[in-house]
Structures are given as C-alpha cells and as structure tokens.
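Both chains come to you apart, so use the hints to assemble them.
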Amino acid sequence: MTPVLEVEQLTFGFHSKRPVLSDISFRVEEGECVGILGANGAGKSTLLWCLLGLYRASGVIRLFGAPATAAVRRRVGVVFQNPEDQLFMPAVLEDVALALINCGVPGASARQQAAAALERVGLAGAAERPASQLSLGERKRAAIAAALVGSPDLLLLDEPTAELDGRSVRELTGVLRRLPAARLIASHHLEFLGSVCTRILLLSEGHVTAEGATAEILSDEALLERAGLV
Amino acid sequence: MSARVRFAAPILIFAGLLALMQWLGGGRLTTLPLLTIGVSLLCVALASSLRWSGLIFRVRPGSSPYTALLFALFVRHFVLALGTEARRVLIARRLSVPRTWGRGAVRSLVFAVAALLVRSAVRAERFYAAQSLRGLGE
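First to last, the protein sequences are chains A and B. Going by our numbering, the first residue of the first sequence is number 1, and it counts up by one from there. Going by our numbering, the first residue of the second sequence is number 1, and it counts up by one from there.
Okay, chain B solo, but in the shape it has when bound (with noise of 0.2 Å):
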C-alpha cells in the first residue's frame, strides 16, 4: 500500500463509519462522510503549504492571527504526538499478543485504544501545565 493512501485511510474509514451510522440510523445519507474528507484534504493541503517557520514572528502578539496560529500549532503538535503514540501503542499490540485479527484481537484492540487515550490525557495535561507556566493562558 503506498504511503498517501495509508495517510487517507482513517479519515476514509472515519468518514465511512459516519456514513453508516447515518444510514443505520435514519437511512438517510447526508453530505456529512464527503464534507469530513473534504475538510481534512484541505487542511493537510493548507498544512503542508504553508511555510510555518517565523510566522510566529510576524504577527502581534494578542492579536485574532496569533491566537489562530498558536490554536493551528498546539493540534499540529497534538496530531504528531498523537501519531507517534497510536504507532508505540500497536507495535506493543502486535508484540504482545498472538495474533491480531482472529479471536481476542477486538479485545486487544479495544486496551490499545484505550492505553492511548490515558497517554494522550497524561500528555496534554503536562503540555497545558508547561504552556500556562510560559504565560500562554493568559
């Protein structure tokens, strides 16, 4: 599989849950699986467009874009932590259990995501704790 479809492939099974949810329960489909991929195509577009170094230089401190550009960097730096622990998560996964599709897999499956959530918790409390210290809350 080539990188840029594993890149697509949660957003197109996010975006296929919410369609079949919407058709499990009312049966009527809206635009709502075709909008979410449209709007994560068009940030990783504008994501990897944009030239991120010294903007942070280049706006007024208090001001609506510097507000807009430390909210845009915080999720940026959110995704990538994020990512590097849903991979550390599922190598310990496949590491650890015998097989991981078959009997027992959803179980693992289900500590695993719920291991990353507590880290992902853990985290975010430290990165708001060090970020209220640098005066960023204020």
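The following block holds chain A by itself, in its conformation from the complex (with noise of 0.2 Å):
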C-alpha cells in the first residue's frame, strides 16, 4: 500500500551553518496516528512546516505517493498551534465552511458539511459564535474542524494541547482517536501522545534519534531524559 506519507533525508535550516533538521527519513500509513516528540526547540513545528511547504527543504516529501505539489497537498488538514491563526470570521460556522465556499462548493451544501464538521467535534452549539467568545480548547476544537470539513486523507497537528487544562485535552483526545484519516502531531505532551497515537519518532536537536512503538519510545526513561523530556 502506498504510504500517506513519505519523507527520505529531509534537511533544513534557516542559515547554512548550522541545520535546524538533519537527514530526517520517516513514513505515515494510512490511517495511522503518528506523534513528532521532541523538546522544546527539537524542531518538531519546523518539520510540519517543511512538510507544507511553507519552508523550502532539501530531500524527498512525497504525499499520497506523489511529489508535495499544491494540488497534492490540498489533501493534507493542518491545525496550527494557535487557533487564532486559522480563525478570523464572524462565527466558527463560517470559519469551518470558508474552504469549501472557497473551492466553489454551493452555499447552502458548505453550511451543511461545516455543521457536520462542527457536529464531530462537539462544537454543533457553538456554530453561530465568533470564535474569539470560546475557551482556547472550543477554538483548538473548531480549528480542528476547519481543518477536517474538507476530508483531508492526512492531518497535520502542531501542539495541539499546548496551553490547555486536563479536560480540554481529555476532549481532543477523544475527537482525535476517532478520526480515520493518517495523523501526523507534533508534541511534548507524552500522556497525551501515549493516548492517541501508535507510533512515534523522537526528535532531538533536529535528528530523529529513535522510532518505534509508542509504548515500547515512552517507557525509555533513559532515552527521554537524554532527549530532555523528564
């Protein structure tokens, strides 16, 4: 089965000297739920940002077996670590449904789907509020459902729990674990991953220095110390 996901030998940094990510080589299945630990300043938003395109990398990103073009990519769900940089409308109903509207889908079928996308988050109450009037969790929930309303086949999280209290990120898990789509979240949050995903790369000062079962990376005190996690 083609990979979601594909990245060989990925390299970045913001000036020559001293590369922010080495040499990263990684894979997300279909389906799969995959969490980028890392310490503070590991370099887990620059990835997600490379992987977008947003920052020109060196090395091979290949989406849904093809090479990241825009087209490919409209694929791909993102939710940024603060929602306010995804959410700007008079209310969360038209901040989840502009996509769409954007890609010329009808009004009234845009609305639909957005209340859909709000519905599968927990947020169906919330659809004629502005977003700015919801808690930082509600906003973290809507951004998730701007981002799935389009049906992405892989979604991107950067630190979803950041600034979030234990039942917000009770609430997230919950709506993450049910999703069907790949999932790619960059964290430091190790319950958090430990709940959601199957499988994770450690990332520490830009290499990946371990891969494998969620379990088997998280029960490593040794190796997280080392990575400056506990």
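Keep in mind that a hint or two might mislead.
To be verified - A few chain A residues facing chain B, derived, Cβ under 10 Å:
no., residue
1, Arg74
2, Gln86
3, Ala143
4, Gly150
What the hints assert, rightly or not - Here are a few chain A residues that sit away from chain B, every Cβ distance over 12 Å (derived from the structure):
no., residue
5, Met1
6, Arg18
7, Ala39
8, Asn40
9, Gly137
10, Glu171
11, Gly194
12, Gly212
13, Asp220
14, Leu224
To be clear, the hints were calculated from the coordinates, so they are not data collected in a lab. Since the structure is predicted, the reported quantities are computational estimates derived from the model, not experimental observations. Here a beta-carbon is modelled for each residue, glycine too, at the ideal position from N, C-alpha and C.
Shown next, in the form of structure tokens:
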C-alpha cells in the first residue's frame, strides 16, 4: 500500500552553518496516527512547516505517492498551534465552511458540511458564535473542524495540547482518536501522545534519534531524559 | 475618560502628528489630517453597522465583492489582533518599568513598540501560512 506521507533525507536550516533539521526520514501509513515527540526547540514545528511547503527543505517529500505539489497538499488538513491564526470569520460555522466556499461548493451545502464537521468535534452548539468568544479548548476543536471539513486524508497538528487544561486535553484526545484519517502530531506532551498515537518519532536537536511503537518509546526513561523530555 | 474618547484618541493623535509634520515641513496645512479623521469615522460607522455574520454565504467566490469582503475580514481580524497585542505589551511595560512617564519612559516605549511590530509580523506570517493552506491565496 502506498504510504500517505513519505519523507527521505529531509534537511533544512535557516542559516547554512547549522541545519535545524538533518537527514529526517520516515513514513506515515493510511489511517495511522504518528507522534513527533521532542523538547522545545527540537524542530517539530519546523518539520511540519517543511512538510507543508512553507519552508523549502532539501530531500524528498512524497504525499500519497506523488511529489508534494500545491494540488496534492489540498488533501492535507492542518491545525496550527494557535487557533487564532486560522479562525477569523464572524462565526465559527463560517470559518469551518470557508475552505469549501472558496473551492466553489454552494453555500447551502458548505453550511451543511461545516455543521457536520462541528458536530464531529462536539461544537454543534457554538456554530453561530465568533471564535473569540470560545475557550481555547473549543477554539482548538473549531480549528480541527475547519481542517476536517474537506475530508483530508492526512491531518497535521502542531502542539494541539499547548495551553490546554486537563479536561480540554481529554476532549481533544477523544476527538483525535475517532478520526479515520492519518494523523501526524507534533507535541512534547508524553501522556497525550501515549493515548492517541500508535507510533512515535523522537526528534532531538533536529535529528530523529528513535522511532518505534508508542509504548516502547515512552517506557524508555533514559532515552526521554537524553532528549530533554523528563 | 469615556470609552468613546479613549477609542478616538489614537486617531486624533495620528491626525495631529500628520498636521504637525506638515507644519514643520512646509508650513502649509492641507486637509489630510481632517480626511484621516473622516475616513476613520466612516470605516468605524460602516464596520459597526454592517451585519458581518452570514455575508460570506451570500457572495459568489472569486467575484469582486467576495475579494472585498475577505479583505475587510482580514483587516478586521488584524485590527483586533493588533489591539490585543498592544494592550499586552503596554501592560507588560507598565509592570516592568518604574515609571511610564519621565526619564527612561521614551526608551521603554520604543522597546514596547518594537516588540509589538515583531509580534505583529510573526502573527501575520502564521496567519498568511494558515490561510494560504486553505486555498485563499489562489
């Protein structure tokens, strides 16, 4: 089966002397949930930005078996660390529907699909409220709904639990576990990744230092300590 | 000071600075400062009287009204974001410097404004990235 995402020898640096990411290779299979685990400054977000084509990295990035062009990237949903970067419309429903409207989907259909996406993340009751009136946890879920509305085959999430309280993390975990799409989640939240992901890539100072089943990686205290995570 | 006066103060200060620069530069005052105030008031009146909610469903994607609406919504979002960031920066300055007026005050204000510019640029970059990935730049 063709992997959803395939990365080979990806290298990126803001300055040529010291690359932020070096020789990163991994793949994500269909329906799989993979965590990118790393301490602050390890390069998790930079890696996601490279995958999205926002930073130009050397190496090979293949999405759904094809080179990662803008057309192929439309099959990828993204949730940024700060939902305020994604949500700006007067009502959450409009924010979720915007990508569909922009693709030419008629208003009524876009509204219906957006309402269904909000229902999936448990925000049906907040559809007509502006994002600014929602809690951070709700805003994160609204951003996930906005990413889900186009039925993406791959969902990239950057630090989805950042600044969330315990209950919001639990709600988010429930939402992410129910999704059928492949998911790649960048986070340093060990417990969260442990409850959502099946496989983990450990990123440390721009290198993948370990890769394996979630339980295996998270039970290796020495490895986590070397990566600055415990 | 009432909320309305506080709200209008930055516009009045900006218009005043424009007039001052004209006076210092050439000595002849134009209608530019008055126009600034007029356009600002018109924009505020339009923004507060317009029912933004649901508008996006009523315009055809790709048409001029659609582009204009998205532009207005972007500007609205940035004004709100800039307001929030400015408030945070000014609160941080007030808490970290011994006095907000007098000796050293201008220096701390310059640093606060510089921090605001950097934060705004970072947020603008992220916002642009998020929206371009949603296909809004195409």
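Verification of the supplied hints:
A cut of 10 Å between beta carbons decides the hint on Arg74 of chain A: the least distance to chain B is about 7 Å, and the hint holds. Interface hint at Gln86 of chain A: satisfied, since its Cβ lies 5 Å from the closest Cβ of chain B, which is below the 10 Å cut-off. Evaluation of the Ala143 of chain A hint against chain B yields a held restraint, the C-beta minimum of about 9 Å falling below 10 Å. Contact between Gly150 of chain A and chain B, as hinted, is supported at the beta carbon level, the nearest pair being about 9 Å apart and thus within 10 Å.
Non-interface call for Met1 of chain A relative to chain B: holds, since the shortest CB-CB distance, roughly 26 Å, exceeds 12 Å. No Cβ of chain B approaches the Cβ of Arg18 of chain A within 12 Å, the least distance being about 22 Å, so the stated non-interface status holds. Consistency note on Ala39 of chain A: stated as away from chain B, and its beta-carbon is indeed over 12 Å from all of that chain's, at 21 Å minimum. Chain B leaves Asn40 of chain A outside its interface by the beta-carbon criterion, the shortest separation being 16 Å against a cut-off of 12 Å.
No beta-carbon of chain B is positioned within 12 Å of the beta-carbon of Gly137 of chain A; the least distance is around 19 Å. Residue placement check: Glu171 of chain A keeps its beta carbon more than 12 Å from all beta carbons of chain B (closest about 22 Å). Against the 12 Å criterion, Gly194 of chain A stays outside the reach of chain B, whose nearest CB is about 28 Å from its own CB. Remark: the non-interface label on Gly212 of chain A is consistent with the geometry, its nearest Cβ contact in chain B lying 30 Å away (cut-off 12 Å).
Non-interface call for Asp220 of chain A relative to chain B: holds, since the shortest CB-CB distance, roughly 34 Å, exceeds 12 Å. No Cβ of chain B comes within 12 Å of the Cβ of Leu224 of chain A; the nearest lies about 29 Å off, and the non-interface call holds.
Of the hints listed earlier, there is not a single one the structure fails to meet.
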